[in-house]
Amino acid sequence: MPKAAKRPQRKNPLLRTRLPTLPPAARSRVALGLTAAAARGRFALQACPDCGAVQYPPSEVCRKCLSQRLAWRAQDGGGELLTETTLRTAQELFFRERLPWRIGIVRLDAGVNVVAYLHHNVDAAPCRVRVEASLDRAGQAALIAVPQQRRADLSDDPKLREMTCDPRGRKILVTDGKSAVAQALVRALSAAGAELIWVGEAEPWKKDEGLESLRELPQVSIVLVDVTDSQAVRQLAGEIGAKVDILVNTADLHRTFSIATRRGVETAQQEMDVNYFGLLRLAQEFAPVLKARAADGPANAVAWVNLLSIFALSNYPPHSTYSASKAAAFSLSQALRADLLPAGVRVINVFPGPIDDEWDQLEMPPKLAPAALAAAIVAALKGSVEDVYPGDVAQDWLARHLDNPKALERELGESAT
Amino acid sequence: MARAAYDDVVLAAPVTVPYVRYSIKSAHWFLGRALAQLIAAAKIPKTRIDGLAVASFTLAPDTAVGLTQHLGVTLRWLDHVPMGGASGIVSIRRAARAVQSGDAEIVACIAGDTNRTDSFRRNTSAFSQFSQDAVYPYGSGGPNTSFAFLTAYYMQHYGARREDFGKLCVAQRNNALKNPLALFKKPLTLEQYLDARLVADPLRLFDCVMPCAGAEGFLVMSRATAQSLGLPHARLLAAIERHNAFPDDPVQYRGGWALDRDALYEQAGVGPKDIDFLETYDDYPVINVLQFEGLGFCQEGEGAAFIRANTFEATGSFPFNTSGGQLSVGQAGAAGGHLGIVETVRQLTGETLGARLPRARHGLVSGFGMINYDRGVCSGAALLAAA
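In order, the protein sequence lines correspond to chains A and B. 0 is the number of the first residue of the first sequence in numbering that gives the first Met the number 0; add one for each residue after it. 0 is the number of the first residue of the second sequence in numbering that gives the first Met the number 0; add one for each residue after it.
If you're looking for bench data, these hints aren't it; they were derived computationally from the structure. Quantities reported herein were computed from a predicted structural model and do not represent experimental measurements. We put the CB at the ideal spot given by N, CA and C, even for glycine. Keep in mind that the hints are not guaranteed to be accurate.
[Unchecked claim] Just the calculated beta-carbon pair ranges, DEER-fashion:
no., chain 1, residue 1, chain 2, residue 2, range
1, B, A125, A, E413, 35 to 45 Å
2, B, T310, A, T16, 34 to 44 Å
3, A, K242, B, K24, 50 to 60 Å
4, A, R68, B, A35, 50 to 60 Å
5, A, L361, B, P249, 41 to 51 Å
6, A, R15, B, D117, 22 to 32 Å
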């Protein structure tokens with residue numbers, strides 16, 4: 000087992016909890032294009048459509064031909080590490096608390112130099128490397144050079160591990176265990192080495208076999224909580240809030256109504272109460288304590304995962320009220336992200352397409368298996384992304400959305416008829 | 000087309016506002032002191048100054064414009080030169096043409112910065128857009144990072160050793176020990192240099208310039224004006240500048256000097272062999288070596304052999320950074336690029352603060368500035384002669 004993956008020691012309660020520090024977050028607007036790609040796990044640089052020149056650092060005009068039509072293009076990241084250093088001093092507290100740092104200049108095959116962190120498996124310069132983009136604790140893109148051939152996990156490197164939200168050794172709250180997705184997720188988190196998993200159960204008089212079967216996992220502890228009950232959420236936060244390292248909000252109420260198929264708003268209100276107000280209640284009670292523990296040793300509070308839906312991007316009229324509730328939750332999650340980012344706690348939004356469960360029964364395949372969605376969430380925690388679009392349908396919708404949101408709106412509108 | 004000669008443009012009244020490690024004063028104070036010392040040295044009223052070139056990193060939100068009101072000067076020629084360690088050379092070039100053309104009679108070229116305890120971090124964290132976006136977030140090492148990259152690359156490619164850089168640093172310290180204004184007062188041995196604590200491999204403590212507060216200044220005018228004022232002066236024979244040279248070099252192993260040195264020596268009518276002493280921009284020793292090579296004192300990549308074959312004290316075979324340079328005097332922000340110019344004028348007028356060459360006829364001073372992303376962008380040099 001690599002050193003970084005060892006189970007962290009128990010916290011000494013006499014020691015003061017360290018306050019979170021962050022790497023520098025200031026970026027020009029154009030440089031945020033790098034972050035936008037890294038948020039989805041991609042390494043993209045600007046390329047000039049007129050002369051082909053790749054640009055770095057991000058720029059407003061082409062350094063070769065002065066074209067202003069630069070466009071972000073995915074990069075394979077291949078290049079040569081030309082020169083390197085190991086920093087023994089640093090001006091910012093974040094780096095100072097974690098010295099030394101190994102960094103280098105990589106000449107990408109695309110023809111530009113990048114300054115990058117060097118994964119500790121990278122050989123001494125000069126050598127071939129591959130550059131990847133990850134999100135650092137400040138939520139900004141950071142370039143990392145990894146060995147060209149060998150697979151290199153961020154978690155293998157004691158410093159770069161901090162860019163991940165690796166569930167290994169962490170205490171995790173899954174807010175609602177009564178769904179196939181949540182149950183698959185709990186099993187996946189258990190397999191990924193979570194230390195403790197609290198699984199929320201609402202309405203305990205309605206027994207759920209899948210949830211009951213989770214009790215066989217040694218890390219699992221079933222806790223009573225109903226996200227529509229403010230008092231219950233507050234009580235749970237009081238009991239376990241100060242121990243939660245990762246919160247995964249799986250609470251989800253999905254009914255398949257369009258505007259015209261049902262009179263009255265009660266069902267839509269219930270969806271909003273779980274999907275939107277439930278998130279709001281959790282955020283109010285758990286976010287402050289997560290922020291306070293964002294630097295609490297190696298098993299610190301690191302992430303908040305929202306199980307949203309690809310329907311949050313653009314309304315899917317056959318599931319119109321559900322789409323609206325997920326859009327509301329998505330909007331709120333952006334505020335939650337803004338709230339947690341200054342502490343270095345990452346908000347990961349997951350936007351699955353139709354899931355292979357009863358509420359998406361009438362959706363045509365491909366549909367996402369609960370186990371596949373669970374695996375995508377665990378992979379996101381082990382990596383360094385904040386927006387996850389798991390499965391073929393989600394990727395397809397995302398591509399259509401990014402290409403032309405109005406066209407997607409029209410296409411989805413046609414599915415209503 | 001051949002560039003016009005500088006005719007009888009001269010530099011006079013070299014002044015230094017004494018350096019301090021930290022100061023609670025602002026850049027305005029240091030620049031104001033520089034101007035006060037200039038008019039005192041030249042024995043002229045402030046109203047005789049009709050041109051001003053200013054360089055500073057810590058003057059914000061002001062520029063040279065604001066400084067005119069702070070200092071109460073009415074000018075017919077004003078320049079703000081934001082080129083870091085190349086600002087001094089560029090100021091000379093611009094001021095010289097202003098004087099030649101009659102746009103100004105006496106141009107004060109001043110550079111200065113304050114240094115509060117957090118100034119350096121603030122300056123480096125927002126040094127440039129490229130630096131903010133693509134360098135500072137990787138460890139926040141500032142210039143130590145950039146020069147560690149250059150030094151490691153140079154050593155790897157050309158076989159230079161730490162002892163070679165150390166020889167330069169020790170010689171500069173020996174020069175500085177004679178300079179009462181140098182902040183470093185203790186001798187430096189090669190062993191101390193080699194064993195100092197690591198800062199950013201391969202750089203150790205004495206490879207890294209120490210930021211401080213202070214200012215430097217000099218006057219540019221015609222020889223006739225200097226003579227009428229009875230001012231000792233040095234003649235400007237030639238000057239070059241270059242920005243963003245060799246952008247396709249993978250890592251910077253040469254500066255813009257290589258492109259312009261032939262023009263420099265041609266304009267001056269003298270060559271490297273005629274140079275009695277060299278003042279380089281020396282925030283880190285590797286950049287000295289790039290200047291030795293770029294200015295034609297040795298071939299590209301042969302800097303280490305050149306160092307091994309020479310001695311660099313004021314009395315040595317290759318007198319170099321005779322006041323101690325920034326590495327042993329201190330780096331007063333943008334004044335670092337003026338320090339060598341002021342020392343060159345002092346040597347050529349025989350009015351040094353410390354070590355003095357017996358017969359200094361030709362002095363070469365160079366500037367280097369602005370690690371905008373992965374390399375220094377601005378370079379320049381000026382060749383001066385005794386009157």
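Results of checking the hints against the structure:
| no. | hint | verdict |
| --- | --- | --- |
| 1 | B:A125 <-> A:E413: 35 to 45 Å | violated, 50 Å |
| 2 | B:T310 <-> A:T16: 34 to 44 Å | violated, 58 Å |
| 3 | A:K242 <-> B:K24: 50 to 60 Å | holds, 51 Å |
| 4 | A:R68 <-> B:A35: 50 to 60 Å | holds, 53 Å |
| 5 | A:L361 <-> B:P249: 41 to 51 Å | violated, 58 Å |
| 6 | A:R15 <-> B:D117: 22 to 32 Å | holds, 24 Å |
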